[in-house]
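Number of protein chains: 2
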Amino acid sequence: MSTARIFFISLFIAASVSAIAQQYQSLEFSLNAPQAEHVALVLDGKQYELQSNKDGVFSILLDSLKPNLYTYYFNVDGQAVLDPANPRTMRDMGNTFNYTIIGNADADLMCDQHVNHGKIEYVWYPAGNNKMRKMTIYLPSGYDTNNHKYPVLYLLHGSGGDELAWLELGRAAQILDNLIAQSKAQPMIVVFPNGNMYQDASPLTYYDDYPNGKIKWSNRNVRLSGQFEASFGDIIKYVESNYRTIRHKRGRAIAGLSMGGYHAMHISHYYSQLFDYVGLFSPAFSTAYDPVTTNTSKAKLMFPTGNDMPSVYRNVEQDLQKQFNPAPKLYYISIGNSDFLYPENVQYRALLDKHHYTYTYIETQGGHTWDNWRHYLIDFLPRLFR
Amino acid sequence: MSTARIFFISLFIAASVSAIAQQYQSLEFSLNAPQAEHVALVLDGKQYELQSNKDGVFSILLDSLKPNLYTYYFNVDGQAVLDPANPRTMRDMGNTFNYTIIGNADADLMCDQHVNHGKIEYVWYPAGNNKMRKMTIYLPSGYDTNNHKYPVLYLLHGSGGDELAWLELGRAAQILDNLIAQSKAQPMIVVFPNGNMYQDASPLTYYDDYPNGKIKWSNRNVRLSGQFEASFGDIIKYVESNYRTIRHKRGRAIAGLSMGGYHAMHISHYYSQLFDYVGLFSPAFSTAYDPVTTNTSKAKLMFPTGNDMPSVYRNVEQDLQKQFNPAPKLYYISIGNSDFLYPENVQYRALLDKHHYTYTYIETQGGHTWDNWRHYLIDFLPRLFR
Numbered sequence: 380m381s382t383a384r385i386f387f388i389s390l391f392i393a394a395s396v397s398a399i400a401q402q403y404q405s406l407e408f409s410l411n412a413p414q415a416e417h418v419a420l421v422l423d424g425k426q427y428e429l430q431s432n433k434d435g436v437f438s439i440l441l442d443s444l445k446p447n448l449y450t451y452y453f454n455v456d457g458q459a460v461l462d463p464a465n466p467r468t469m470r471d472m473g474n475t476f477n478y479t480i481i482g483n484a485d486a487d488l489m490c491d492q493h494v495n496h497g498k499i500e501y502v503w504y505p506a507g508n509n510k511m512r513k514m515t516i517y518l519p520s521g522y523d524t525n526n527h528k529y530p531v532l533y534l535l536h537g538s539g540g541d542e543l544a545w546l547e548l549g550r551a552a553q554i555l556d557n558l559i560a561q562s563k564a565q566p567m568i569v570v571f572p573n574g575n576m577y578q579d580a581s582p583l584t585y586y587d588d589y590p591n592g593k594i595k596w597s598n599r600n601v602r603l604s605g606q607f608e609a610s611f612g613d614i615i616k617y618v619e620s621n622y623r624t625i626r627h628k629r630g631r632a633i634a635g636l637s638m639g640g641y642h643a644m645h646i647s648h649y650y651s652q653l654f655d656y657v658g659l660f661s662p663a664f665s666t667a668y669d670p671v672t673t674n675t676s677k678a679k680l681m682f683p684t685g686n687d688m689p690s691v692y693r694n695v696e697q698d699l700q701k702q703f704n705p706a707p708k709l710y711y712i713s714i715g716n717s718d719f720l721y722p723e724n725v726q727y728r729a730l731l732d733k734h735h736y737t738y739t740y741i742e743t744q745g746g747h748t749w750d751n752w753r754h755y756l757i758d759f760l761p762r763l764f765r
Numbered sequence: 380m381s382t383a384r385i386f387f388i389s390l391f392i393a394a395s396v397s398a399i400a401q402q403y404q405s406l407e408f409s410l411n412a413p414q415a416e417h418v419a420l421v422l423d424g425k426q427y428e429l430q431s432n433k434d435g436v437f438s439i440l441l442d443s444l445k446p447n448l449y450t451y452y453f454n455v456d457g458q459a460v461l462d463p464a465n466p467r468t469m470r471d472m473g474n475t476f477n478y479t480i481i482g483n484a485d486a487d488l489m490c491d492q493h494v495n496h497g498k499i500e501y502v503w504y505p506a507g508n509n510k511m512r513k514m515t516i517y518l519p520s521g522y523d524t525n526n527h528k529y530p531v532l533y534l535l536h537g538s539g540g541d542e543l544a545w546l547e548l549g550r551a552a553q554i555l556d557n558l559i560a561q562s563k564a565q566p567m568i569v570v571f572p573n574g575n576m577y578q579d580a581s582p583l584t585y586y587d588d589y590p591n592g593k594i595k596w597s598n599r600n601v602r603l604s605g606q607f608e609a610s611f612g613d614i615i616k617y618v619e620s621n622y623r624t625i626r627h628k629r630g631r632a633i634a635g636l637s638m639g640g641y642h643a644m645h646i647s648h649y650y651s652q653l654f655d656y657v658g659l660f661s662p663a664f665s666t667a668y669d670p671v672t673t674n675t676s677k678a679k680l681m682f683p684t685g686n687d688m689p690s691v692y693r694n695v696e697q698d699l700q701k702q703f704n705p706a707p708k709l710y711y712i713s714i715g716n717s718d719f720l721y722p723e724n725v726q727y728r729a730l731l732d733k734h735h736y737t738y739t740y741i742e743t744q745g746g747h748t749w750d751n752w753r754h755y756l757i758d759f760l761p762r763l764f765r
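Going line by line, the protein sequences match chains A and B.
Position 145 of the first sequence, counted from 1, bears residue number 524 in the numbering used here, the numbering being contiguous throughout.
Position 323 of the second sequence, counted from 1, bears residue number 702 in the numbering used here, the numbering being contiguous throughout.
Among these hints, one or two may not hold up.
Because identical chains cannot be distinguished in the list, a pair is counted as satisfied if it fits within a single copy or across any two copies.
Calculated lysine-lysine pairs in the DSSO-like style (CA-CA distance at most 27 Å, straight line) [to be verified]: (1) Lys510 - Lys563; (2) Lys563 - Lys445; (3) Lys616 - Lys528; (4) Lys528 - Lys498.
Please keep in mind that the hints were generated in silico from the structure rather than gathered at the bench.
Here chain A stands alone, though its shape is the one from the complex (with noise of 0.2 Å):
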């Protein structure tokens, strides 16, 4: 066993040393509201009251934003309300809210620029059961006009995404062009797939999976049963029978966050032997507690034991065994330091380290946000297939 090699980068002050021209921006929210009393921004979480002129235009003036990607909805009298001035919005589980971008440095990354695009697929693959189950695939550039087989990246989504996520509020498409455009990432084909195994597809889809507006969310039993980790053959099936893959351990790569964490730590430990690359983004490792209602009192390092448990979970430590003989090239955990699951992953490290196996350690301020996952993704990319 080698030795635990184990690096700590803040991102953030990594980013702001190297790019001393990274501007930072003054930006103006405002709203037309000439009805109400109190109108707040919501920026990345964050609330700001705006003050009304006499017409009953409320605005804010923001100054020194640095470059970045700003999600950002109104609160009216207690009512969110979109920027009726700017289209672009995502979605996070049930909730819709405008984003805007503040570019230069990483930020940049997260803009469509005027570079060679890769292809998004949305593809339907046939799972167990006679299911049709629901993915989005990203074929770079070029992928069309060759014919080379390509490393491939199973990018996975926490507890309330689904297979639009990482496109969404991930911009990884964005990402992935731009790095691959300057050479800064190995061109590659990610497979984006659905980790609830309650549902065939996002809770978009299925009309009759969702009855009047109403989402059904299913409880942690079903999300963490290992059946979606189980099940991962179909997938990887699909993706190397239908697209020129390089079908080998060096070809393949692993990452998710939050829940999608939890999944690629527990799918690359039990196919022990497929993946040379893995990225655990702010990683559950319990099942202890419910990731949804985080109550972090019962947070700590817990792998299911019995005879009850699912295959996947039985052996974790012996599978780990198997995954780290030889070692995979990378194996990738990120985290911020105010992040909730924080405590386990210390334990998981802890771990790690009492086998000396060998990973790569980020550790970023902030907590569990797609802000981090956004800049973790750009972190991971160019690290892969090399």
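Given the coordinates of chain A, assemble chain B onto it according to the supplied hints.
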């Protein structure tokens, strides 16, 4: 020349006659808004005042809604508010609103059903001036598992739309999946280009086309310049080089709504021997007014004239003579009887009648609405490639 073949059919009357079992349903809309004075539901443009209970929950029960897709939002003291209980949204130009579907009859065709699904691709094709432009492609179920050649429908959006409009507002993928699964439509490839030559992709795409969240709409001189029609060969070339298509008039259809009807009319006479199926849904025919500002006082049939006109518009009547000799298998026009474009449609049909050109005419109730266009698509698709 054959005699004009004209059908007057109200789709809505036809639907209610054929579906005695069609169930009218009641639907309750409610919003928790304790600080609001007035809350209205705006349902497909109609406003309904909501009543509040003592806890500040505003609600209304609408009974006898007929099966259909409904769009809505709440008006809370003058502000548009999305339904927090319903994550299903659609965007029309810059506006985002909710939708809900009451199933049965045609409305079931607008829902994802558990049938075989086609694949959606977002691709970039090379246009003139070394530009890459974005379009959407629908490939029918089975395309990837056989070697058939497929017919192609080019389906064009209206003014203010883009390559996403028919998929999002038009429910085209669901309608295609369902009609093909029921053997009511032939399996076909459907191509959704972006008809706005002043943009390479939807305004959601390029950030520099769209600074500070402000929409950059172009004036009619740019939109209706003949450039899109003249360059349509780029699109056909890309599609016929990259997909297994029937490269013959009998395997090509073109249709569009409003400005897209204008485009389909001009493209199909300019490339007079390419299309055996033409569909004009609520088409614009005149360029004498701006379809966005809809100054109907100037609405009369007026093809551009003069030597400074783009070649596409220079010989419309001569081109039509070529197009109708021999006549296409289907030349389909549909419009609502309260559409602001109705008067110039009367004049265009008079022109066709004067020359005894054969066409199919569908007149419905209603105006210039996506509700009509979804139903026109359902009526049109089964007529293609027979």
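Cross-check of the supplied hints:
1. Lys510 - Lys563: Between copies, since 24 Å is at most 27 Å while 38 Å is not.
2. Lys563 - Lys445: Close inside one copy (23 Å), not across copies (55 Å); limit 27 Å.
3. Lys616 - Lys528: both (16 Å within a copy, 26 Å between copies)
4. Lys528 - Lys498: both (16 Å within a copy, 22 Å between copies)
The structure is consistent with each of the numbered hints, conforming to all of them.
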